[in-house]
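**Q** The listed protein sequences derive, respectively, from chains A and B. Yeah, the first sequence ends on 226 if you go by our numbering, and it's all consecutive. Yeah, the second sequence ends on 1062 if you go by our numbering, and it's all consecutive.
To be clear, the hints were calculated from the coordinates, so they are not data collected in a lab. Mixed in with the good hints there might be a few duds.
Calculated pairs, DSBU-like style, for lysine-lysine (alpha carbon to alpha carbon, straight line, at most 30 angstroms) [as the list claims (entries may be wrong)]:
no., chain 1, residue 1, chain 2, residue 2
1, B, Lys1059, A, Lys222
2, A, Lys221, A, Lys141
3, A, Lys12, B, Lys1055
4, A, Lys212, B, Lys1062
5, A, Lys12, B, Lys1059
6, A, Lys212, B, Lys1055
7, A, Lys12, B, Lys1062
8, A, Lys222, B, Lys1056
9, A, Lys222, B, Lys1055
10, B, Lys1059, A, Lys221
11, B, Lys1056, A, Lys75
12, A, Lys103, B, Lys1031
13, A, Lys221, B, Lys1062
14, B, Lys1059, A, Lys212
15, B, Lys1062, A, Lys222
16, A, Lys219, B, Lys1056
17, A, Lys222, A, Lys142
18, A, Lys4, B, Lys1055
19, B, Lys1056, A, Lys221
20, B, Lys1055, A, Lys75
21, A, Lys75, B, Lys1062
22, A, Lys75, B, Lys1031
23, B, Lys1055, A, Lys219
24, B, Lys1059, A, Lys4
25, A, Lys4, B, Lys1056
Here's a subset of chain B near chain A, in silico, CB distances under 10 angstroms, partners left out [stated by the list, open to error]:
no., residue
26, Ile1004
27, Ile1006
28, Ile1007
29, Leu1008
30, Ala1019
31, Pro1020
32, Arg1027
33, Tyr1033
34, Val1035
35, Leu1039
36, Leu1047
37, Leu1050
38, Ile1051
39, Ile1053
40, Asp1054
Glycine is no exception: its CB is placed at the ideal position from the N, C-alpha and C atoms.
Here is what each chain is made of, one letter per residue.
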Amino acid sequence: MGEKFARQWWWKVLSILCVAYAITGGFLIEVPQRFILNESIRNLYFHVPMWFTMIVLLATSAVNAIQFLASNNIKYDIISIEAANTGTLFGIMGISTGMLWGKFTWGAWWVNDPKLNGVAIALLIYMAYFVLRSALDDQDKKAKISSVYNIFSFAILIPLIYVLPRLTDSLHPGSGGNPAFNQYDLDNTMRLVFYPACIGWILLGVWIFSLKTRISLLKQKKIFSE
Amino acid sequence: MTYITIILNYIALLIISEAPEMALELRSSGKIYVVVGVLVIIFIGILTYLIHIDKKISKLEK
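Let's have the full structure, built from the sequences with the hints guiding it.
**A** Shown next as structure tokens:
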């Protein structure tokens, strides 16, 4: 589906509209009044979509790693690395916005919370993926070894951020118990901005990733034609 | 009965006066639009850049 989709404009326009709505509506539409959170509750519209974007991109990366191993087509490896690149960028934005938010609501830049530690470990695992890639010179070997590593790191990422934090109590909302059934976590007026914000940021992340991939594929083509 | 209503009203007033602090002043003075305006300008800038890159890559692909 990739190449055609990457050149289409409708989903890019949708992403622009959604993010534009999120950064205007996110500040102008009323939010529930809560102690401690106060106006910082609006961070939900920006901090959480970063993580969703990261998950989507890292999942894309893992899927393409599998496809590379199945087909041995270097194109999938290029897609995989660029998705991991962009995904990690959004992960870093998620963790830094989370730290800033935590400083003013929990009182510390970092707390030893299972969700926070899990995500820090997950990001470090992906950092190691980039180190691994840059350490190998031979392109086929690089693609093969890092694809296998990529699949494993995604398989670890999911329990680290979605399973383990739910098994214990956590300061972080959405952890502890089953957040999908927790109607108290998200107010209905907030959903009106939150869902479009998620769609918008995910698509924006995919857009950046698609641009990076197209550049890398062009470079690859150039190497082969020379 | 009336005493109970008065007491309840008093409690309600107490609760209202202790509502979480929100940036109401920022909203009523309209300065919040300045913040939103700045964000929109930054967003437009980034978008122009992204669209520019996208078009450039499309040209190179041909």
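**Q** All hints are to be evaluated individually against the structure, with a verdict given for each.
**A** Evaluated hints:
no. : hint                  : in the structure
1   : B:Lys1059 to A:Lys222 : 15 angstroms, holds
2   : A:Lys221 to A:Lys141  : 19 angstroms, holds
3   : A:Lys12 to B:Lys1055  : 13 angstroms, holds
4   : A:Lys212 to B:Lys1062 : 17 angstroms, holds
5   : A:Lys12 to B:Lys1059  : 18 angstroms, holds
6   : A:Lys212 to B:Lys1055 : 13 angstroms, holds
7   : A:Lys12 to B:Lys1062  : 21 angstroms, holds
8   : A:Lys222 to B:Lys1056 : 16 angstroms, holds
9   : A:Lys222 to B:Lys1055 : 19 angstroms, holds
10  : B:Lys1059 to A:Lys221 : 15 angstroms, holds
11  : B:Lys1056 to A:Lys75  : 21 angstroms, holds
12  : A:Lys103 to B:Lys1031 : 25 angstroms, holds
13  : A:Lys221 to B:Lys1062 : 12 angstroms, holds
14  : B:Lys1059 to A:Lys212 : 15 angstroms, holds
15  : B:Lys1062 to A:Lys222 : 13 angstroms, holds
16  : A:Lys219 to B:Lys1056 : 14 angstroms, holds
17  : A:Lys222 to A:Lys142  : 19 angstroms, holds
18  : A:Lys4 to B:Lys1055   : 14 angstroms, holds
19  : B:Lys1056 to A:Lys221 : 16 angstroms, holds
20  : B:Lys1055 to A:Lys75  : 21 angstroms, holds
21  : A:Lys75 to B:Lys1062  : 18 angstroms, holds
22  : A:Lys75 to B:Lys1031  : 50 angstroms, violated
23  : B:Lys1055 to A:Lys219 : 17 angstroms, holds
24  : B:Lys1059 to A:Lys4   : 15 angstroms, holds
25  : A:Lys4 to B:Lys1056   : 16 angstroms, holds
26  : Ile1004               : 27 angstroms, violated
27  : Ile1006               : 26 angstroms, violated
28  : Ile1007               : 24 angstroms, violated
29  : Leu1008               : 21 angstroms, violated
30  : Ala1019               : 6 angstroms, holds
31  : Pro1020               : 4 angstroms, holds
32  : Arg1027               : 8 angstroms, holds
33  : Tyr1033               : 8 angstroms, holds
34  : Val1035               : 6 angstroms, holds
35  : Leu1039               : 5 angstroms, holds
36  : Leu1047               : 6 angstroms, holds
37  : Leu1050               : 7 angstroms, holds
38  : Ile1051               : 8 angstroms, holds
39  : Ile1053               : 6 angstroms, holds
40  : Asp1054               : 6 angstroms, holds
Of the numbered hints given earlier, the model fails hints 22, 26, 27, 28, 29; all others are met.
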